[in-house]
Amino acid sequence: MYEINEFTTRAELDNTLADKVADILAKAVAQHGRASIAVSGGSTPKGFFQALSNKDLPWSEITVTLADERWVNIDSDASNTKLVYENLIQNKATNAKFFHLKQGEQLTHETLADLNLAAKSSILPLDVLILGMGEDGHTASLFPCSDQIDECLSATTAPLLKVVPKTAPHDRISFSYSYLKPSKNVILHISGQAKMDVLNKALANDDKREMPIRAFLHDPEINTQVFWAE
Numbered sequence: 001m002y003e004i005n006e007f008t009t010r011a012e013l014d015n016t017l018a019d020k021v022a023d024i025l026a027k028a029v030a031q032h033g034r035a036s037i038a039v040s041g042g043s044t045p046k047g048f049f050q051a052l053s054n055k056d057l058p059w060s061e062i063t064v065t066l067a068d069e070r071w072v073n074i075d076s077d078a079s080n081t082k083l084v085y086e087n088l089i090q091n092k093a094t095n096a097k098f099f100h101l102k103q104g105e106q107l108t109h110e111t112l113a114d115l116n117l118a119a120k121s122s123i124l125p126l127d128v129l130i131l132g133m134g135e136d137g138h139t140a141s142l143f144p145c146s147d148q149i150d151e152c153l154s155a156t157t158a159p160l161l162k163v164v165p166k167t168a169p170h171d172r173i174s175f176s177y178s179y180l181k182p183s184k185n186v187i188l189h190i191s192g193q194a195k196m197d198v199l200n201k202a203l204a205n206d207d208k209r210e211m212p213i214r215a216f217l218h219d220p221e222i223n224t225q226v227f228w229a230e
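Numbered per UniProt numbering, the sequence shown spans residues 1 to 230.
Hints are computed from structural coordinates only; laboratory data are not their basis.
A hint or two may mislead.
Capping the alpha-carbon separation at 20 Å, the derived lysine-lysine pairs in PhoX-like fashion look like this [to be verified]: (1) K27 to K55; (2) K120 to K181; (3) K55 to K20; (4) K46 to K181; (5) K20 to K120; (6) K20 to K92; (7) K92 to K46; (8) K120 to K55; (9) K120 to K46; (10) K92 to K55; (11) K46 to K20; (12) K184 to K195; (13) K82 to K46.
Derived Cβ-Cβ restraints for the label pairs, each shown as a range [as the list claims (entries may be wrong)]: (14) T8 to D147: 37 to 43 Å; (15) Q106 to E210: 28 to 34 Å; (16) F99 to N205: 18 to 24 Å; (17) K184 to T16: 17 to 23 Å; (18) E110 to T16: 39 to 45 Å; (19) A155 to E210: 17 to 23 Å.
All C-beta atoms in this analysis are idealised placements derived from N, C-alpha and C, irrespective of residue type, glycine included.
Given only the sequences and the hints, what does the whole structure look like? Please build it.
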C-alpha cells in the first residue's frame with residue numbers, strides 16, 4: 001500500500017515531513033521511553049535533516065541510524081554517517097544517539113553478527129524509516145544488480161547484510177527488507193520529475209526483484225507514505 005503526498009516546493013516538503021517525524025518520535029518516547037529512526041543518504045534529505053534537527057525533542061532518548069551505509073571511512077564524502085552528523089545531529093539534536101553501521105575496517109561475519117545482535121536489542125523495530133530511491137528502483141542498498149538481492153528480500157534473512165552492487169561503487173551494509181518492513185512508519189522521500197517517473201514505473205508492476213522499492217509500495221501490510229516535490 002502507498003499514499004502519495006505532493007508538495008509545491010522542497011522546502012514545504014522538508015518542513016511538513018520534519019513536523020510529522022518529530023510528532024512520531026515525541027509520542028514514541030512518551031509511550032516507550034525511547035524512539036528510533038533510520039534515515040537514508042544522498043542530497044535529497046539534507047533540508048529535512050536540518051529542519052528536524054531544530055525540533056524540540058527528547059533527543060537523548062532518540063537513536064538515529066541509517067537504512068544502509070557504504071563501507072568507507074566516516075570522513076569520506078561518500079559516507080552517509082558523515083552526512084547525518086553534518087546535517088541532522090546538529091542544533092537541538094546534538095544529544096541524539098547514533099547507531100553506527102560502519103564499524104571496524106573489514107565487514108566480516110563477526111562484525112555482522114555483533115551488529116545484528118545490537119540492532120535487535122536496541123533499535124528494532126524502527127519507529128520511523130525514511131527511504132530513498134535510486135533510478136534503478138533500489139532502496140536502502142537493496143540493489144537489483146547485486147548477487148545478494150534474493151537474500152535482501154528474503155523473509156528469513158538477518159537484519160543487516162553485506163551487499164556488493166555491480167552498478168554502484170563501494171561495498172554496502174544494509175538492513176534487509178524483512179527487518180525494514182515492520183517499521184511503524186515507512187516514508188519514501190523523493191524529489192524531481194525523474195524520480196516521479198521511476199516511482200510510476202515501480203507502481204505499474206509488482207516485480208520487486210526488478211525494482212526492490214516495489215516491496216514497500218505493493219505490500220498490503222505496509223502503508224508507505226510517499227513525500228514528493230518537484
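We went through each hint and held it up to the structure:
Using a Cα cut-off of 20 Å, the hinted pair K27 and K55 holds, with the two alpha carbons roughly 14 Å apart. Distance restraint check for K120 and K181: the Cα-Cα separation of roughly 14 Å lies within the 20 Å cut-off, and the hinted pair is therefore satisfied. A distance of roughly 11 Å separates the Cα atoms of K55 and K20; the hinted pair therefore holds under the 20 Å criterion. Taking the CA atoms of K46 and K181, the gap is near 24 Å; set against the 20 Å cutoff, the hint is violated.
Between the alpha carbons of K20 and K120 the distance comes to roughly 25 Å, so the proposed pair goes past 20 Å and is violated. Using a Cα cut-off of 20 Å, the hinted pair K20 and K92 holds, with the two alpha carbons roughly 17 Å apart. The suggested pairing of K92 with K46 holds, with an alpha-carbon distance near 16 Å, which does not exceed 20 Å. For the hint pairing K120 with K55, the CA-to-CA distance comes to about 27 Å; that exceeds 20 Å, so the pair is violated.
With a C-alpha separation of about 28 Å, the suggested pairing of K120 with K46 is violated against the 20 Å cut-off. Distance hint between K92 and K55 is fulfilled; the C-alpha atoms sit about 7 Å from each other, no more than 20 Å. For the hint pairing K46 with K20, the CA-to-CA distance comes to about 16 Å; that is within 20 Å, so the pair holds. Among the hinted pairs, K184 with K195 is inconsistent with the structure: their alpha-carbon atoms are about 24 Å apart, more than 20 Å.
For the hint pairing K82 with K46, the CA-to-CA distance comes to about 12 Å; that is within 20 Å, so the pair holds. Taking 37 to 43 Å as the suggested C-beta distance range, the pair T8 and D147 conforms, at roughly 42 Å. The hint said 28 to 34 Å for the Cβ distance between Q106 and E210, and at roughly 32 Å that hint holds. For the pair F99 and N205, the supplied restraint of 18 to 24 Å is violated, since their beta-carbon distance comes to about 34 Å.
At about 19 Å, the CB distance of K184 to T16 agrees with the hint of 17 to 23 Å. Hint check: E110 to T16, Cβ distance near 42 Å, so the stated range 39 to 45 Å holds. Evaluation of the 17 to 23 Å hint for A155 and E210 yields a pass: the beta carbon distance comes to about 18 Å.
When held up to the earlier numbered hints, the structure conflicts with 4, 5, 8, 9, 12, 16 and fits the remainder.
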